[in-house]
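*Asks:* Here is how the chains run, residue by residue.
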Amino acid sequence: LAKTTQPISMDSYEGQEVNITCSHNNIATNDYITWYQQFPSQGPRFIIQGYKTKVTNEVASLFIPADRKSSTLSLPRVSLSDTAVYYCLVGPSGAGSYQLTFGKGTKLSVIP
Amino acid sequence: DAGVIQSPRHEVTEMGQEVTLRCKPISGHDYLFWYRQTMMRGLELLIYFNNNVPIDDSGMPEDRFSAKMPNASFSTLKIQPSEPRDSAVYFCASSPTGLFTKAFFGQGTRLTVV
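Keeping their order, the protein sequence lines are chains S and P.
When you line the first sequence up against this note's numbering, it's residues 1 to 112, in that order.
When you line the second sequence up against this note's numbering, it's residues 1 to 114, in that order.
The shape of chain S in the complex, shown without the other chains:
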């Protein structure tokens, strides 16, 4: 599975857009990029998944450049409730891939 690197922590003020970048230089052709969010005392929650270009849902956007060696999770106008740890995962979608290896993640702190 591709190794990922993301910042350990980030701070942001309420109402700002937050971009969290994840590096995955050895991403394979059939790998997808998936982001999870974890609040304190809760299990991780799926946010968004993509393969290339841009994916948007009601929670976030995911930007993936053409070389796919990195990806950026974008959270629009964050609020205090967005304070959480965000994990970037990279792996294939086929059989045998379900390691779902979570790294340390990025701890996002939203400041009033």
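No lab work stands behind these hints, which were simulated from the structure alone.
Glycine included, each C-beta is placed from N, C-alpha and C at the ideal position.
Treat each hint with caution, since some may be false.
To be verified - Computed far set for chain S versus chain P, every beta-carbon distance over 10 Å:
| # | residue |
| --- | --- |
| 1 | 7 |
| 2 | 16 |
| 3 | 17 |
| 4 | 26 |
| 5 | 42 |
| 6 | 58 |
| 7 | 61 |
| 8 | 69 |
| 9 | 70 |
| 10 | 77 |
| 11 | 109 |
To be verified - Listed below are the simulated PhoX-like cross-link pairs for lysine-lysine, each with C-alpha atoms no more than 20 Å apart in a straight line:
| # | chain 1 | residue 1 | chain 2 | residue 2 |
| --- | --- | --- | --- | --- |
| 12 | S | 52 | S | 69 |
| 13 | S | 52 | P | 102 |
| 14 | S | 54 | P | 78 |
| 15 | P | 68 | P | 78 |
| 16 | P | 24 | P | 102 |
Based on the hints, put chain P in the right spot on chain S.
*Replies:* Only chain P this time, still in chain S's reference frame:
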């Protein structure tokens, strides 16, 4: 749907005792996963099942750990005997189909072994 249900939410036990953690996956989900989370090691996959069959248990730390899934709606993770280093939050997750798609996690069981 109530989501993935784990019990108990908290467990405190003495070293050497047997501990059993329980999980009820979301109905219709073919995959079930057990994870362990600690500050030092983060979130680690212990074992996962597909259609009640254990597929990969390479993450199980040692023979003291065992997991079963007797039917599609129930799974257990047992630690016998427990040790202080087993203290962690244990998560169960389930997924409907395919791999690396959405996995739904339970609230976790916080285990403290004293």
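*Asks:* So, for every hint listed, does it hold in this structure?
*Replies:* Structure-based check of all given hints:
no., hint, result
1, 7, "15 Å, holds"
2, 16, "27 Å, holds"
3, 17, "25 Å, holds"
4, 26, "16 Å, holds"
5, 42, "6 Å, violated"
6, 58, "14 Å, holds"
7, 61, "17 Å, holds"
8, 69, "18 Å, holds"
9, 70, "18 Å, holds"
10, 77, "24 Å, holds"
11, 109, "17 Å, holds"
12, 52/S x 69/S, "10 Å, holds"
13, 52/S x 102/P, "18 Å, holds"
14, 54/S x 78/P, "42 Å, violated"
15, 68/P x 78/P, "8 Å, holds"
16, 24/P x 102/P, "17 Å, holds"
The earlier numbered hints that this structure contradicts are 5 and 14.
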